[in-house]
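J.: Next come the chains, spelled out residue by residue.
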Amino acid sequence: MHAEVDERGFQERLDAGIKIEPKDWMPEAYRATLVRQISQHAHSEIVGQLPEGNWITRAPTLKRKAILLAKVQDEAGHGLYLYSAVETLGVTRNQTIEDLLAGKAKYSSIFNYPTLTWADIGMIGWLVDGAAIVNQIPLCRCSYGPYARAMVRICKEENFHQRQGFDILLKLSRGTAAQKSMAQDALDRWWWPSLMMHGPPDAESKHSLQSMRWKIKLFSNDELRRKFVDQIAPQAVYLGLEIPDPDLKWNAARGHYDFGKIDWDEFYSVVKGNGPCNRDRLRTRIEAHEKGAWVREAAAAYAEKKRAGPEAA
Amino acid sequence: MKTGNALFEYLLRLGDNCLILSQRLSEWCGHGPVLEEDIALTNVALDLLGQARFWLSYAGEIEGAGRDEDQLAFLREAGEFRNALLLEQPNGHYGETTARQFYFDAWHYLALKELRHSSDARVAEIAEKALKEVSYHLQRSADWVIRLGDGTEESHRRMQSSLDDLWMYTGELFEMDSIDEQMLRQGIGIDLAVLRLSWLEHVEKTLAQATLQLPAGNWMRRGGKQGVHTEKLGFLLAEMQFLQRAYPGAQW
Amino acid sequence: MSDWPLWEVFIRSQHGLAHKHVGSLHAPDAEMAMKNARDVYTRRNEGISIWVVRSSDITASSPADKEVLFEPANSKVYRYPGFYEVPEGIEHL
Numbered sequence: 099m100h101a102e103v104d105e106r107g108f109q110e111r112l113d114a115g116i117k118i119e120p121k122d123w124m125p126e127a128y129r130a131t132l133v134r135q136i137s138q139h140a141h142s143e144i145v146g147q148l149p150e151g152n153w154i155t156r157a158p159t160l161k162r163k164a165i166l167l168a169k170v171q172d173e174a175g176h177g178l179y180l181y182s183a184v185e186t187l188g189v190t191r192n193q194t195i196e197d198l199l200a201g202k203a204k205y206s207s208i209f210n211y212p213t214l215t216w217a218d219i220g221m222i223g224w225l226v227d228g229a230a231i232v233n234q235i236p237l238c239r240c241s242y243g244p245y246a247r248a249m250v251r252i253c254k255e256e257n258f259h260q261r262q263g264f265d266i267l268l269k270l271s272r273g274t275a276a277q278k279s280m281a282q283d284a285l286d287r288w289w290w291p292s293l294m295m296h297g298p299p300d301a302e303s304k305h306s307l308q309s310m311r312w313k314i315k316l317f318s319n320d321e322l323r324r325k326f327v328d329q330i331a332p333q334a335v336y337l338g339l340e341i342p343d344p345d346l347k348w349n350a351a352r353g354h355y356d357f358g359k360i361d362w363d364e365f366y367s368v369v370k371g372n373g374p375c376n377r378d379r380l381r382t383r384i385e386a387h388e389k390g391a392w393v394r395e396a397a398a399a400y401a402e403k404k405r406a407g408p409e410a411a
Numbered sequence: 462m463k464t465g466n467a468l469f470e471y472l473l474r475l476g477d478n479c480l481i482l483s484q485r486l487s488e489w490c491g492h493g494p495v496l497e498e499d500i501a502l503t504n505v506a507l508d509l510l511g512q513a514r515f516w517l518s519y520a521g522e523i524e525g526a527g528r529d530e531d532q533l534a535f536l537r538e539a540g541e542f543r544n545a546l547l548l549e550q551p552n553g554h555y556g557e558t559t560a561r562q563f564y565f566d567a568w569h570y571l572a573l574k575e576l577r578h579s580s581d582a583r584v585a586e587i588a589e590k591a592l593k594e595v596s597y598h599l600q601r602s603a604d605w606v607i608r609l610g611d612g613t614e615e616s617h618r619r620m621q622s623s624l625d626d627l628w629m630y631t632g633e634l635f636e637m638d639s640i641d642e643q644m645l646r647q648g649i650g651i652d653l654a655v656l657r658l659s660w661l662e663h664v665e666k667t668l669a670q671a672t673l674q675l676p677a678g679n680w681m682r683r684g685g686k687q688g689v690h691t692e693k694l695g696f697l698l699a700e701m702q703f704l705q706r707a708y709p710g711a712q713w
Numbered sequence: 271m272s273d274w275p276l277w278e279v280f281i282r283s284q285h286g287l288a289h290k291h292v293g294s295l296h297a298p299d300a301e302m303a304m305k306n307a308r309d310v311y312t313r314r315n316e317g318i319s320i321w322v323v324r325s326s327d328i329t330a331s332s333p334a335d336k337e338v339l340f341e342p343a344n345s346k347v348y349r350y351p352g353f354y355e356v357p358e359g360i361e362h363l
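Chains as they are written, first to last, in the working numbering: chain W, 99 to 411; chain S, 462 to 713; chain P, 271 to 363.
Bound-form chain W, shown alone (with noise of 0.2 Å):
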C-alpha cells in the first residue's frame, strides 16, 4: 500500500526546496506541464540544428568549421539529455517526436527564421544562445530533478556558445566595410525576434504563474527579457553596432535600459506556423525521420536476431 501525498504536501516540499523525482507521487497537471515544457526545449535544440548547420559546409575557415561544427553537436546532445528527461515521466522518445513531426508539439519560435549570411551564425550565438543562457541558468535549480540536472549539463556546454557567436561579430566588426555591414544587417533582422524568444508579455503568459509557484520557471518573461537587453545592449556597442530600435535608451531613473514596443502580431502568427521557415523546418525534420526508418529498423532487427541466438537464425 502506497502512502500519497497531497497537493499541500506536493507544495510544501516544493517551498522546502526538495527535488521531485521520476517516481514520486506529483498533480498531473504538474507532468504534464513538464512534458510539455521539457519537450518543448527538446524541439528547439533539435530544430535549432537546422539553420545553424546551414552554415557548416560554409564555414569560412578550417577553425571556424570545427567551432561550429562542435556547437551544432552539442545542441544535438541537449536534446538528448532532455528527451531523457521527458522519459522519466512517463512519454516515451518516440512519442515526443511523433508529436514534433505531426505538427503537435511547439519549438522556440526563433529557429523560424532564415540564417542568411555568415553573420547571422554569429547573432545565434550571441542573441539566441544569450537569451537561453539567460532562461537556462535558473533552471538548474527548477523542482524537477531529471530536469534540473540536464540543464546544469546543458549550461556547462552552453558557454562558449555564445563566447563563439560574440568572437564571430568582433572579427566581422574589425573586418571590411562589407563585413561590417553584413553585421549590422545581421543583427537587424535578429534583433526583435530574439526579444520574442523570452515568450509572450507577463500579462498575456498563460501557464507562466503556476509554473512559478512549482517552480519549474524561476523568472517571468518580461524578466528575463529585460535582464537579457540590460547584457547585450553595451556589448552591441562594443561591436559598432547599431540596435534596430529607436526607443533603446538606458533608464538611470529605473537602472535598466527601456525599448521598445515588440509586435506581438508577428510573434504570434510565427508560433502559430507562419513564420518564414516552420514549414520548411518541419519538412527537413520529417525527411530525416523517414530517410532513416531503414536504417534504424536493419539496427533493431540485427540486435533481435543476436538475442535471440544463432540456433534461430
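Note that these hints are calculated values from the structure, not bench results. Note that the coordinates shown come from a computational prediction; the quantities given were computed from them, not determined experimentally. Take the hints with a grain of salt, since some may be wrong.
What the hints assert, rightly or not - Partial list, derived from the structure: chain W residues whose beta carbon lies under 10 Å from chain S: (1) E150; (2) K163; (3) G175; (4) P344; (5) K347; (6) A401; (7) R405.
Heads up, the beta-carbon is just placed ideally off N, CA and C, and yes, glycines get one too.
Assemble chains S and P onto chain W, guided by the hints.
T.: The following block gives chains S and P in isolation, referenced to the frame of chain W:
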C-alpha cells in the same frame, strides 16, 4: 623531385583525404537517422577535420611559400586537390555513407599504423595521434556495415549495392606513383601496395560477418593524386570555398 | 517505427572513485549503447570508464518506502566511530 616538393605533395594527399571526407560527413549534421548517430558521426567529422588541419598546416610549412591551412583549403582549384576520389563521392543514403567510410577507415587505419614509424618526426607524431581516433572510426563503421548487412532485407540490399558501387574507387588507395616511391625510399612515406592484402583481409572478414559479398571487378577509377577528379569535387569546393572567394583577403 | 530500447549511462571520471549516473540514450544493443555513450557523454574528457544498463533492468526503490527502508539506519549511532570514547594517550585507534 626535390624532397621538399615531394613531401609537400605527400602531405596534401593525406590532408585532402581527411578534409574532403570531413566536409561530406558534416553535411549529415542535423539530418542523421537518429540523434545518437548525428552526434557520433559529427565526432568523426571533427576528428578528420582536426587531422586535416595538422597535415595541411605542416604542408604549408614545408612548401615555405607562406600558405597556411586555410589558404590551402579555400584557395586551391579542384585540379590542385590530392584526395582519393572515394572521399568526394556524395553521401547518398546511410548505406552509401557507411560503405565509403568503411572502405576508407580500413585503409586509413593501416596507413597510419605504418606512418607512425616515419623518419619524419612530425609525420610520425600526427599519425600517432590520428591512429587513436581512426581506430575508433574503423570500429564504428564496421559495426554499421554489419548491422546494415545483417539487418533487414532492405538494409542488406542497400548495403550490398553501396559496396558494389564504390568498389571502383578503392584501387587507387593502394597505388604507388613516383612521389610515393620517393617518400618510401627516404623512409618518410609508406608502401601502399603492401597494405592491400591486410585491407582485403579485414574487409572480407567484416563483410562475411555482415552476410555481404566482396564486390568483384578489376576496373578502378583513378586520378585523385594527380588532381584529376570526378565531377563531384567542383560542387563540393564551390560550396566550401564560397566565402573566401567572395571576400578575398578578409579575416574571419 | 522500430523501437531502440532506453539505456542508462554511468561514467567514472578520471579522478572519481565510483560510476555516476549521467543520463540515458537509445541504442539497439549493448555494443552501440557503449559507443553512443562515449560519443554523447564524454566529449569533454569526462570519463575513463563507462557502464551502460538497459533501463528495464534497473530495479529502483519506491519513494513511498523511503521511511521503511532508510529511517531505521538513522538511529543506529553505534555504527559511527564518534560514538566511542577513546581514552587519552591511545594512538592508532
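J.: At a threshold of 10 Å, is the proposed contact between K347/W and chain S supported by beta-carbon distances?
T.: At about 33 Å, which exceeds the 10 Å cut-off, the nearest Cβ of chain S leaves the hint on K347/W violated.
J.: A401/W was flagged as interface toward chain S. Is the shortest Cβ-Cβ separation under 10 Å?
T.: holds (8 Å)
J.: Answer holds if the nearest beta-carbon of chain S is closer than 10 Å to that of G175/W; otherwise answer violated.
T.: Constraint on G175/W satisfied, holds at 6 Å.
J.: Should the hint that K163/W touches chain S count as held when the rule is a Cβ pair under 10 Å?
T.: holds (6 Å)
J.: Under 10 Å is the threshold here; is the Cβ of P344/W close enough to any Cβ of chain S for the hint to stand?
T.: violated (31 Å)
J.: A closest beta-carbon separation below 10 Å is what the hint needs, so does R405/W meet it against chain S?
T.: violated (13 Å)
J.: Verify the interface restraint on E150/W: the C-beta must sit less than 10 Å from at least one C-beta of chain S.
T.: The hint holds - E150/W has a Cβ within 10 Å of chain S, the shortest such distance being about 8 Å.
Hints 4, 5 and 7 from the earlier list are contradicted by this structure; the remaining hints agree with it.
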